[in-house]
Each structure stands twice: as structure tokens, then as C-alpha cells.
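Colleague: Could you put together the complete structure from these sequences and hints?
Under my numbering, the first residue of the sequence shown carries the number 863, and numbering increases by one thereafter.
A hint or two may mislead.
[As the list claims (entries may be wrong)] Calculated cross-link-like contacts (lysine to any residue; reagent style SDA-like; alpha-carbon spacing at most 25 Å):
#1 K896 to F1065
#2 K896 to N987
#3 K873 to L927
#4 K1017 to F900
#5 K870 to N987
#6 K1017 to A904
#7 K896 to W915
#8 K899 to N884
#9 K1030 to T918
#10 K873 to T946
#11 K870 to T946
#12 K1016 to F900
#13 K1007 to I920
#14 K1016 to K870
#15 K896 to E1023
#16 K1030 to S877
#17 K1017 to L1061
#18 K896 to F1063
#19 K873 to P984
#20 K896 to R1021
#21 K1007 to N987
These are calculated hints, taken from the structure and not from any lab test.
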Amino acid sequence: RMNYNDQKSEKGVGSYNQPFANTSTLVYDLPYGKGRKFGAHANGFLEAFLGGWRGTLINTMSSGLPVNLTYGPATRYSVSGMPTYRPNVTGDPLAPESQRNIDTYFNLNNVVIPVDPTHPYPFGNAGRNSVRSYALYQADMGLHKEFRLWQESKKLEFRSEFFNLFNKTNFQAPNSTRSSSAFGTIRSAFPARMIQMALRFAF
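Modeller: Printed below as a string of C-alpha cells:
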């Protein structure tokens, strides 16, 4: 559902738009153990505990995803569950940065539902996907090691992986329905730190 008298308001970025998205990867082999700078001739005990380690780091940073401001219209405007109507915006829809939190992401005074008793009109002036959610920052780390076994063709690989290493809280999009009592609140986040370990036998 769109307002054909104001089609310019329908022009906006896609829901998946992220102007900035960076993923940097670092792989580092600890220089100790067989075939490396130090400890090339270390005894089996030291080689088993210190040799052959590899560390990986994947750092992800991206802009927040677009958020579409909407509201639930009066019954007479409702044709199906698919149409969405946008409210009026009278100023910056975001709460001041110093006051922005998971309970007050939007400035409620600047986002209002269109009300005109003499001529009810469902279309507000808010543009499509006109605000953004919080940006995302996450670091994932891995520690890997190979254990040489009794035959060169056989080896045991240990892998430990730490997703969201620093346990950074990355919030998902706020409630953007102005007619909802939960408008401007955030009640979900991306996963917290997760750790997994595995052993792999190659032969």
C-alpha cells in the first residue's frame, strides 16, 4: 500500500542496505614446533604442548540495518495484513544519543500517528526505511593445533572456536510500530559469546 499522491516518499534504501561492511581476517602460526622458526628439534613432549598452534581472528563491523517506521491504521483503513502505513515525523525520529537505550530508541514526541478529525488521512510523511538500528561489532577467534601420530599420514587436529569473543552485546532492530506500546524498545540481540571445541582424526 502506498500513497500515489506522494510517490517520492516511497523511494528509500533496501531493507538489507549497509553502507559500511568490513570483515578483516588474521591467521597467525605460532613460530614454534616442527618446520617452524623455533623448536624445530624440540622433544616430543614440548612439541605436543607448544608446537603447531595456529590462531585465527575474524573481525566484523557493519552499519545497522534500515528500520521502517509504521503504525496500525484504524479499522476502516485495513484491507489485509500486508499494507503498512507510516506515521508523521516532526523532527529527528531518533532519541538523542545520550538518552538512546533499549527502552527509548526513538523520540516519541517526534513520531506521531496522523490524526485529522475532519478528514481522516492514513498516510504520514515518514519516508520508507528512514532510520537505522545499532551497528554491529563482533570478533571471532579460533585456536587450532595438529598432533602428529605414529604415521606421517595420520594426524589429530584440535579446534577451538570463540564466536563473539568479547561477548559484545549487539542489539537487533527496535520495535518500529508507533501504535504499539512497545514502540522504540529493543528486546532482542544477536547471540552472546559461544565456544565450541572439536577433535578431527585424519587418516
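Colleague: Does each hint fit the structure? Answer for all of them.
Modeller: Here is how each hint holds up against the structure:
no.: 1; hint: K896 to F1065; result: 20 Å, holds
no.: 2; hint: K896 to N987; result: 67 Å, violated
no.: 3; hint: K873 to L927; result: 16 Å, holds
no.: 4; hint: K1017 to F900; result: 21 Å, holds
no.: 5; hint: K870 to N987; result: 10 Å, holds
no.: 6; hint: K1017 to A904; result: 18 Å, holds
no.: 7; hint: K896 to W915; result: 11 Å, holds
no.: 8; hint: K899 to N884; result: 32 Å, violated
no.: 9; hint: K1030 to T918; result: 18 Å, holds
no.: 10; hint: K873 to T946; result: 15 Å, holds
no.: 11; hint: K870 to T946; result: 16 Å, holds
no.: 12; hint: K1016 to F900; result: 24 Å, holds
no.: 13; hint: K1007 to I920; result: 18 Å, holds
no.: 14; hint: K1016 to K870; result: 65 Å, violated
no.: 15; hint: K896 to E1023; result: 24 Å, holds
no.: 16; hint: K1030 to S877; result: 24 Å, holds
no.: 17; hint: K1017 to L1061; result: 10 Å, holds
no.: 18; hint: K896 to F1063; result: 19 Å, holds
no.: 19; hint: K873 to P984; result: 18 Å, holds
no.: 20; hint: K896 to R1021; result: 19 Å, holds
no.: 21; hint: K1007 to N987; result: 58 Å, violated
Figure legend: structure checked against the earlier numbered hints; hints not met, in rising order: 2, 8, 14, 21.
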